[in-house]
Structure formats: structure tokens, C-alpha cells
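Chemist: Oh and the sequence shown: position 181 is 180 in numbering that gives the first Met the number 0, straight run, nothing missing.
Any given hint could turn out to be false.
[As the list claims (entries may be wrong)] Once the Cα atoms are required to be at most 16 Å apart in a straight line, the calculated EDC-like pairs of lysine to aspartate or glutamate come out as: (1) 56 <-> 72; (2) 377 <-> 331; (3) 358 <-> 302; (4) 23 <-> 99; (5) 223 <-> 183; (6) 377 <-> 402; (7) 223 <-> 268; (8) 16 <-> 102; (9) 329 <-> 339; (10) 232 <-> 249; (11) 23 <-> 145.
Since the hints were made in silico from the structure, they are not lab data.
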Amino acid sequence: MATRNEKKASNPNTWIKYGDALYKAYEAMVSPDYRVGWSATEVAMFNTQMPLSNEQKEINGVQYYIEHYALRDLYYNLNTQILDAIIITQPISEENLLADARDAYLKAAELDAKGSKTKSITEKLMNVQGRFIEYASGNYALGNYEVAAENFENSLSCVDNPVVNRVDTMMVYNTGLMYNAVGDNAKAKKYYAQCIELGYDANGEVSSSLASILMAEGDIEGAKACLNAAFQKYPASQSVLVALINLYIESNDDPQKILDLIHAAQANEPTNPTLVYAEGNVYFNTGDYDEAIKYYRKSYEMDSTYVYGVYAVGSAYYEMALDVQDDMDKLDLRDVEGYEKLLAEFEQDLMSAIEPLEKAFEMTVDQDVKNNAALMLKEVYFRFRDKPGFAEQHAKYEQFLKEAGF
0 MATRNEKKAS NPNTWIKYGD ALYKAYEAMV SPDYRVGWSA TEVAMFNTQM PLSNEQKEIN
60 GVQYYIEHYA LRDLYYNLNT QILDAIIITQ PISEENLLAD ARDAYLKAAE LDAKGSKTKS
120 ITEKLMNVQG RFIEYASGNY ALGNYEVAAE NFENSLSCVD NPVVNRVDTM MVYNTGLMYN
180 AVGDNAKAKK YYAQCIELGY DANGEVSSSL ASILMAEGDI EGAKACLNAA FQKYPASQSV
240 LVALINLYIE SNDDPQKILD LIHAAQANEP TNPTLVYAEG NVYFNTGDYD EAIKYYRKSY
300 EMDSTYVYGV YAVGSAYYEM ALDVQDDMDK LDLRDVEGYE KLLAEFEQDL MSAIEPLEKA
360 FEMTVDQDVK NNAALMLKEV YFRFRDKPGF AEQHAKYEQF LKEAGF
């Protein structure tokens, strides 16, 4: 009623009190006593209510223990014993209380001509943003992508305003990701484009996602422009390269254009091994493994610390072996000569993979590279376990992977 009173409505304190009331009303639905991310033990210490019922359910491959209360459901991840989500089941109002609280605080800031309330209002807006993100993240975990998208989007204006004056690039990305997941191309494009404009492109991943939407809509030239711009910034990005290659193939264009882009970049940075590695990636993704290996080796020769080059050599030989194995499976059972020829190629490719993969495993600090190298080496050594010392090497990598959680 105070906000509808002309005199009181001109006072920023009125809107702050209104925002506080709305925020507390929202907290009544999700609980002010515990938060998402707490352990089950921590929640139990502060939860004064008993659940009406409970159940266990698998959602998106995760086992959840769910407690049902009058206004909310609590979702505990049984693997981590962490509260992953608090979901409102009985809203106490048809209005979006959290959004209304945000708007009330922004109205207070608008009326605060002297800026005396700026610090307090900023803190309150940050609290609202945290609640939006918390609810969005919980719904994302449970596969409720539409709700997640709406709440991630609502969180943006909590900080992108004259009071806080900040852009949360991670939340802009999450908003685009969720709208992409639900098929809202217009909003997904809007937020992906904003990410790119803000410099938050995740090594070209955002540009690749935006280009995929443009391609699906038939905007081939727009997709090319998007990916070419991303390639200029991230020439070694596998996702950008793969997207470019697929785009040029689908549009019956020449993949040589991608190589031209790489060569132009190499002219500017002739000693950059990532650009040579990128050239190898083009050949790898078009199925020319021999040329790919040639450039991967060259990248490592240019810089002996460039682990991705030597790792890619071993990985390429391993992929070649898998392709030969596929050819072997397609042979007529009576073609003994053909089988023996392919078997020799298969084993030679696997043997060729060992040295570069071993070198990559020993020198890398990148855990993903280390794990992947170990996975391939484990299989190769198992294949040749009858050779002297190979069974021990197989056991070494098997133990490493076990300790790494594989």
C-alpha cells in the first residue's frame, strides 16, 4: 500500500522495504535456513521441519534421495550427499516474487538521488542474483531446462544495471546454453552473440554453438562469418575447425579455404607450433592421417615442449589402427590374404602409436592428455601382452587409470 501512496512511493526506503518483504516471501518457499550446495549433514543441523514423505529416483543418470515438504522438494545427490536442488512445488503467489524484489530494489536505486543507499541496494541485488542462479542451477541438474533458462536470464539484470554496473559473462553463457537446449533459437543467438562481444568465447566453443544454430536456420554465410572470426582468434580450437570443415563440406565449398586461413596465420606467426598443429587437425578431420601426422610431428619439432603435437601423433596412429580394424571386420571370412595384410597394418599402426603416446604421458601436465594417453597405451600393451615387458606396461597404465578413477 505504501508503494501506491504518492508521497511514500517517492521515498527509496519504501521500495527497499517492499523488496525485503518480497525476498523474505521467496525465502519462505525455498527456506532461509539452508541452501543448495550444503551437505545432507549440514542441512539436517538447521532443518527444523520433518518431510511429509520421501522417495529415491534416478534423474539424468544420477540417483537422488528426495524429501517432500509442504512448499518444496529437496533433492540430495546420493553419490555426493550434497543438496543439489530445492524445487518449489506450492508457490505462495502467482507472481514471480524474486523478480518483483529485484525490480523493487532497482526502483529504490532510481529514487536514491544522493546514492546514499547504493551499498545496501547492491548487496540486496547480489542476494537476489544468488537465489536466481541457485534455482536455475538446481533445475538444470534435474533437466528442467526451461525453468533454468528463465532464472539464469532473470539473474542478469540483477547486476547489469546502473547500481551494480557489472555483466556476469558466465550467466550470459548459461542463459544462451539453456535457451539453446530448449530450442529457443532467437534467445540462444542473442546471448551467444553477447558472450562473443564480451570476449567470453570459451576458446571458440560459443562461436561453434552459434554457428550451429545459424546453419540449422539455413544462414550458411552467417555461420561462415562467425566461424572464420573465431578461427582467427583460436586457430588451434578443435571445435571451430571441425565446425568449419563440416560447414564447407555441407555447402560444397573447398576445405582448402580453411588451409588458406591457417597459412595466412602462419605467415604472421611462423614459429607458432599451434598453427602447424591446426593444419594437422584439418588433414586429420578430412581423413588424411598421413598428412596429419606429418604436421603434428612438425609442430613438436618446432617446440619440443609442445606436448599436443607429440600426443596427436600417437593418437592419429591409434585412430588409423581403429579404421583398419573396421576394414578387417568388413572382409569376407574367406579372404585370408586380405585379412593378413590388414592385420599387419593394424599391428604396425598400434606399435607406431606407443613411442609418441609414452612421450606425451611422461611430459604433460594436462590431466586429460595424460588420461587419454594412458587409455590408449593400456589397450595397445594389452594387444601385445605376449611381447617381453608389455604385460608389465599394461599393468602400469591399468593401475594409473584405476587411481585416476577410470
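Chemist: Would the hint linking residue 223 and residue 183 be met if the CA-CA limit is 16 Å?
Modeler: Roughly 21 Å between the alpha carbons, so the hint for residue 223 and residue 183 is violated.
Chemist: Has the given pair, residue 358 with residue 302, been kept, meaning a C-alpha gap of at most 16 Å?
Modeler: 14 Å, holds
Chemist: Please verify whether residue 232 and residue 249 have alpha carbons no more than 16 Å apart.
Modeler: 23 Å, violated
Chemist: Sort out whether residue 339 lies within 16 Å of residue 329, counting only the CA atoms.
Modeler: Status holds; Cα separation ~14 Å.
Chemist: Measure nothing beyond the straight line between the CA atoms of residue 377 and residue 331; if it is 16 Å or shorter, mark the hint as holding.
Modeler: 30 Å, violated
Chemist: Does residue 145 sit within 16 Å of residue 23, going by the straight-line distance between their CA atoms?
Modeler: This hinted pair is violated, its Cα atoms lying about 25 Å apart.
Chemist: Given the hint that residue 23 pairs with residue 99, does the C-alpha gap stay at or below 16 Å?
Modeler: Within the cut-off at roughly 12 Å; holds.
Chemist: Sort out whether residue 102 lies within 16 Å of residue 16, counting only the CA atoms.
Modeler: Between residue 16 and residue 102 the Cα gap is close to 12 Å, so the pair holds against 16 Å.
Chemist: With the threshold set at 16 Å, check whether the alpha-carbon distance from residue 223 to residue 268 stays at or below it.
Modeler: 23 Å, violated
Chemist: Between the alpha carbons of residue 377 and residue 402, is the straight-line distance 16 Å or under?
Modeler: 14 Å, holds
Chemist: Next pair to validate is residue 56 with residue 72; report whether the Cα-Cα distance is within 16 Å.
Modeler: 13 Å, holds
The structure is inconsistent with the numbered hints 2, 5, 7, 10 and 11, although it conforms to all the rest.
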